[in-house]
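Given these sequences and hints, build the entire structure.
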Amino acid sequence: MDDIQRLLIERACERLVLQFAQYNDYKENDALAALFTDDCEFARPLDPTHPYYGRTAVGNIFRNRKPIMTQHVMTNILIEVVSEDEARGRSYVTMISNPDPDRSTPKEGGGIFFGAFDDVFVRTAEGWKFKKRIGSVALHQGGHIPQMPPATDEERGITK
Amino acid sequence: MDDIQRLLIERACERLVLQFAQYNDYKENDALAALFTDDCEFARPLDPTHPYYGRTAVGNIFRNRKPIMTQHVMTNILIEVVSEDEARGRSYVTMISNPDPDRSTPKEGGGIFFGAFDDVFVRTAEGWKFKKRIGSVALHQGGHIPQMPPATDEERGITK
Amino acid sequence: MDDIQRLLIERACERLVLQFAQYNDYKENDALAALFTDDCEFARPLDPTHPYYGRTAVGNIFRNRKPIMTQHVMTNILIEVVSEDEARGRSYVTMISNPDPDRSTPKEGGGIFFGAFDDVFVRTAEGWKFKKRIGSVALHQGGHIPQMPPATDEERGITK
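Residue numbers (our numbering), protein chains in the order written: chain A, 13 to 172; chain B, 13 to 172; chain C, 13 to 172.
Just so you know, these hints were derived from the structure itself, not from any lab. Fair warning: there could be bad hints in the mix.
A pair holds if it fits inside one copy or across any two, identical chains being indistinguishable in the list.
[What the hints assert, rightly or not] No farther apart than 30 Å at their CA atoms in a straight line, the calculated lysine-lysine pairs in the DSS-like style are these:
#	residue 1	residue 2
1	K39	K119
2	K78	K141
3	K144	K119
Below you can see the structure in the form of structure tokens.
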């Protein structure tokens with residue numbers, strides 16, 4: 013693989029990371045789900061040890077949640093190309109939110125949360141997708157860490 | 013258009029977004045104005061519904077304002093190439109400031125503001141420029157949303 | 013130099029900036045030291061006027077410090093290619109930390125600090141490296157600016 017091929021793969025994966033944030037913040041839930049492979053694994057930053065499995069279960073997280081206003085500030089996107097069809101990456105996320113979903117007037121946030129996503133990307137027939145995306149939170153300034161209600165196995169796409 | 017041409021356009025537009033922030037924060041006002049087309053439209057994040065028209069009016073915003081210290085943290089820069097001569101993009105801005113313009117010693121900020129810019133870029137004889145740049149603010153942590161004094165039509169480049 | 017060569021150099025330097033942050037936050041101290049040239053100059057953001065000289069002295073800053081948890085959020089990475097073997101750049105850093113190094117549960121930070129790095133990059137036989145990296149802090153929200161204990165000439169790599 014030459015440097016230009018590598019650069020194009022890095023760019024494709026970087027775009028997934030940015031699209032995840034924008035689709036999330038602007039409530040484009042179907043487009044958000046389409047960033048993942050059918051057989052993906054995804055863990056939310058506030059609950060990294062209870063991943064969700066499969067595009068449908070992941071999409072439902074966003075379709076079914078309360079429509080709060082969020083801003084996912086994505087930085088430090090560092091991609092390592094493994095092969096023509098696989099890459100890995102880590103990026104940092106800085107998140108702030110308000111329960112009122114109306115973006116038209118500025119609102120006070122409930123603390124700023126600093127975390128990361130550890131990603132595995134694969135090339136599919138429909139282009140590059142998230143195969144695995146594991147979030148985590150390391151620090152916050154203001155606010156407090158919310159208690160996430162536990163998801164059921166069914167919600168998490170776990171079939172017995 | 014091939015992937016490499018697309019990548020080079022994305023990069024050119026991404027650089028405009030970053031230069032806007034650095035020229036703004038380091039008070040390079042003429043260089044800042046030169047990032048816009050002659051016939052540009054620009055709305056400040058705190059006053060998105062009262063845009064300024066034309067490079068001269070936009071440049072004067074920065075030339076005539078009080079020389080406060082600002083830091084415009086730019087992230088999530090996602091560019092969509094429309095053609096060889098046009099692109100669109102959204103980026104996130106996280107802003108903090110202090111009334112004292114002296115950058116040589118650290119100062120406490122007056123709150124952190126989280127917003128976005130929605131951009132239209134065009135290729136001109138002098139390279140890629142902002143044709144349209146509409147700011148907005150969604151959230152803040154600490155501080156309060158300042159009241160912007162209304163600009164006159166003349167200041168906004170509106171000729172009757 | 014054509015646009016693609018320039019883009020590849022920008023990308024190489026951008027990766028150094030991102031690796032500096034990740035190696036720093038994830039305590040990969042040897043990998044961090046290897047980002048610098050043998051004869052580098054490095055000034056920490058909180059003490060920009062007392063630079064360290066040489067890869068060994070720079071690596072020792074990180075090897076010998078208390079293992080606090082940090083998150084270095086890197087943004088606004090703007091690289092200017094000077095030649096095939098040299099580039100310059102400025103990037104913004106937003107930093108938050110907690111004295112407890114355990115990243116496995118989220119912790120409250122001690123303020124958010126906003127600064128910049130001014131960099132000189134050079135191409136070496138082992139790829140692109142930091143030749144010079146001068147940090148600075150402009151603003152903070154919450155917390156207070158820590159007093160850095162003065163480093164000795166020996167620690168700073170200054171030989172009489």
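Taking the hints in turn, this is what the structure says about them:
In this assembly of identical chains, K39 and K119 lie within 30 Å of each other by CA distance both inside one copy and across copies; the values are 18 Å within and 29 Å between. In the homo-oligomer, the alpha carbons of K78 and K141 lie at most 30 Å apart inside one protomer (26 Å), although the nearest pairing across protomers, at 39 Å, exceeds that limit. In this assembly of identical chains, K144 and K119 lie within 30 Å of each other by CA distance solely across copies; the values are 25 Å between and 33 Å within a copy.
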